[in-house]
Amino acid sequence: MTGKTEFYNGNTACAEGALAAGCRFFAGYPITPSTEIAERMASRLPKVGGTFVQMEDELASMAAIVGGSWAGARSMTATSGPGFSLMMENIGYAAITETPCVVVNVQRGGPSTGQPTMAAQGDMMQVRYGSHGDYSIIALSPSSVQEMFDLTVKAFNLADRFRTPVFLMADETIGHMREKILLRENVEIIPRRELKEGELPCEPDENGIPGFGTFGNGHNIHITGLTHNEKGYPATDSAELHEAMVRRQVDKIEKHRLELTDVDIVNPEAEIVFISYGAPTRTVRQLLADEPDTYGHLNLRIVWPFPDHCLDEFKNAKAFIVPEMNLGQIAKEVRQYTNVKIITAPKLGGALHTVEELKKAAAAAETATRPVTEVRL
Amino acid sequence: MKLVINEHRCKGCNLCTMVCPYRIFQEGSKPGARGYVIPVLDRPERCTNCRLQKVYGRQLCGMCQMICPDQAISWVEEKPFEPKNVEIEY
Amino acid sequence: MTLEDWYRQDRLPHIYCAGCGNGTVLNATLRAVEALGYDINETTFVSGIGCSSRAGGYTAADSLHTTHGRALAFATGVKLVKPKQHVIVFTGDGDCSAIGGNHFIHACRRNIDLTVICMNNNIYGMTGGQGSPCTPKGSITTTTPYGMQEQPFDLCRLAEAAGANYVARWTSFHVKELTEAIRVGLETPGLSFIEVLAQCPTAYGNKNKLRQPTQMIEMFKKNAVKKAKADRNAAEGIPLEPGQFVVGEFVRRANPPLGVVKE
Numbered sequence: 001m002t003g004k005t006e007f008y009n010g011n012t013a014c015a016e017g018a019l020a021a022g023c024r025f026f027a028g029y030p031i032t033p034s035t036e037i038a039e040r041m042a043s044r045l046p047k048v049g050g051t052f053v054q055m056e057d058e059l060a061s062m063a064a065i066v067g068g069s070w071a072g073a074r075s076m077t078a079t080s081g082p083g084f085s086l087m088m089e090n091i092g093y094a095a096i097t098e099t100p101c102v103v104v105n106v107q108r109g110g111p112s113t114g115q116p117t118m119a120a121q122g123d124m125m126q127v128r129y130g131s132h133g134d135y136s137i138i139a140l141s142p143s144s145v146q147e148m149f150d151l152t153v154k155a156f157n158l159a160d161r162f163r164t165p166v167f168l169m170a171d172e173t174i175g176h177m178r179e180k181i182l183l184r185e186n187v188e189i190i191p192r193r194e195l196k197e198g199e200l201p202c203e204p205d206e207n208g209i210p211g212f213g214t215f216g217n218g219h220n221i222h223i224t225g226l227t228h229n230e231k232g233y234p235a236t237d238s239a240e241l242h243e244a245m246v247r248r249q250v251d252k253i254e255k256h257r258l259e260l261t262d263v264d265i266v267n268p269e270a271e272i273v274f275i276s277y278g279a280p281t282r283t284v285r286q287l288l289a290d291e292p293d294t295y296g297h298l299n300l301r302i303v304w305p306f307p308d309h310c311l312d313e314f315k316n317a318k319a320f321i322v323p324e325m326n327l328g329q330i331a332k333e334v335r336q337y338t339n340v341k342i343i344t345a346p347k348l349g350g351a352l353h354t355v356e357e358l359k360k361a362a363a364a365a366e367t368a369t370r371p372v373t374e375v376r377l
Numbered sequence: 001m002k003l004v005i006n007e008h009r010c011k012g013c014n015l016c017t018m019v020c021p022y023r024i025f026q027e028g029s030k031p032g033a034r035g036y037v038i039p040v041l042d043r044p045e046r047c048t049n050c051r052l053q054k055v056y057g058r059q060l061c062g063m064c065q066m067i068c069p070d071q072a073i074s075w076v077e078e079k080p081f082e083p084k085n086v087e088i089e090y
Numbered sequence: 001m002t003l004e005d006w007y008r009q010d011r012l013p014h015i016y017c018a019g020c021g022n023g024t025v026l027n028a029t030l031r032a033v034e035a036l037g038y039d040i041n042e043t044t045f046v047s048g049i050g051c052s053s054r055a056g057g058y059t060a061a062d063s064l065h066t067t068h069g070r071a072l073a074f075a076t077g078v079k080l081v082k083p084k085q086h087v088i089v090f091t092g093d094g095d096c097s098a099i100g101g102n103h104f105i106h107a108c109r110r111n112i113d114l115t116v117i118c119m120n121n122n123i124y125g126m127t128g129g130q131g132s133p134c135t136p137k138g139s140i141t142t143t144t145p146y147g148m149q150e151q152p153f154d155l156c157r158l159a160e161a162a163g164a165n166y167v168a169r170w171t172s173f174h175v176k177e178l179t180e181a182i183r184v185g186l187e188t189p190g191l192s193f194i195e196v197l198a199q200c201p202t203a204y205g206n207k208n209k210l211r212q213p214t215q216m217i218e219m220f221k222k223n224a225v226k227k228a229k230a231d232r233n234a235a236e237g238i239p240l241e242p243g244q245f246v247v248g249e250f251v252r253r254a255n256p257p258l259g260v261v262k263e
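Chains as they are written, first to last, in the numbering used here: chain A, 1 to 377; chain B, 1 to 90; chain C, 1 to 263.
In short, the hints are calculated from the structure, not lab data.
Keep in mind that a hint or two might mislead.
Below 30 Å or equal to it, Euclidean Cα-Cα: the simulated DSS-like pairs (lysine-lysine) are [stated by the list, open to error]: (1) C/K84 - B/K30; (2) B/K54 - C/K176; (3) C/K209 - B/K30; (4) B/K2 - C/K207; (5) C/K84 - A/K47.
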């Protein structure tokens, strides 16, 4: 891969990744700590033939990118916790209408206004379950500035491949940290599959994913947030049809877990294994650099759908330690798939875990007796 | 041209009875196939559009069609007059 | 294309109650679109939630039936990405002015090239007749059983103040004027807002002594005051009588619009 090397912060890298992936529509609303993404897009998009619009709120931002996506553009918005809560309504709409779009959430301390300038990972459950009803989404978690770029590109490809909203769950640390970054040229772009002649607008292919009937291309389709049949017409009174639609929309993602696995597995023979994503991954890597053979490490770049099969790679595991910047949201998910005891190492307030704190958690793993033990750092 | 009410679409709101300048539409009395009481047509050959659309080459009046919330009113081509042998009894 | 081709034939008859004004507004809209000779592939209908917003689904063009109140935000996205597309928004009084009020004033402020048709039936029809921001003072609804106590919104003045390029109000009785207003609105660059007072005999009329659709249409006929006459009366100091409302074209201007293809 070739490209220019720059020294960027994570948010700028994310915007550059979006542009490299062919994003041509951005609708957003200013919110710390994600604002640099909107600013970068505002200055760069008009130069590449795209459109930037600052909407009146996050409800409208999410709505606008869904509209933009149906008009044929790769669309994105960026926000943080409070705005993310507002977006939930139209995230559900994007899920039921199977609209490809990318939402960047540069997480900050919550609930509510919380800590605008501090890092957190408190929206990991909200991103999966935040809107009402049953649906499934894809969420990625970058742990470096380079990954902000690369995973943004990947997010667009996954959104178009699976026709689903895809979330880039960064945090304030990654968003504002500056690192060396390679702005890759000619990144791989997997476009969405256009609806074929004679194909119904909501008729799934062998992967359970319908073709995309871009507006203005002569498909003349009806898109609705109501439960709909294969023609796309509202059909709200059939229990069977509703179940079939919801199950298909969930299965198109959940049944592709193997394809949707993006992890690093280090020391699979280890007995004490760290599971991390986002900023805490950096501290775990620091610990592993200090003590290369003591611990195992599972780093998740795609958090949702949760790659449960990767837990089986650690055959000797006696404890999974999950350092998170929330009160153990993904730790609960790990618990669902394993009987190995789990140590949660939550840290709130915005500071990253230290190596010493991770060692403390590892020491607690030796003595813990209950299935899930929280270590107060 | 012939004025027709699509019984599959009409819901019997009777708005057409209000707007027709010739009062061609009259409130019906018997429920139709879908249970709605569909207006009946009183001498529809008086309708301006029936008589003169072909002459002027555009739609005339058409208030009933425009106000009909159920898109039930339209004009259809009539079959040309077929000569028949009629026996007249004296 | 004939007028009938603009209707999505396999979805008719529609879900509207007998005598609902929304069907009339749909007629007027499609007639205006057809009169302008728009290409169906270059026309998109966007709508929110409510009785009014089901209208988009009965058109044969691409249509996006979105979430409650957000239709204008979705339409903004569609229009900005494909400025060549004629984007028409169906919305209702609750959808547009209550839950979608913020999107409405900002769409007007941006003056984005959309044609917004607001079917104002003075009530939340889909949920069974609750009071809306456009329910006239004193009207009985299920949530105002002792009569509406609040001031209703004047959506046309709101749109005008917020910056829309074309603003008009008609009723579902004034079908010819309404069709003409929609046609002008479609041709005007920038945001065109056409408010249509549409009868809801089921939820509104039923509780307000206007049970028959024909009674409601008679009421529109009686109470509508054309703008010229209202202006004359106002100059002479004669106010509108209770129940009366002004119909006509309020604004037609050429402020710079957003989302228009540069030639």
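Any hints from earlier that this structure breaks? Give me their numbers in increasing order, please.
Hints 1 and 4 not satisfied by this model.
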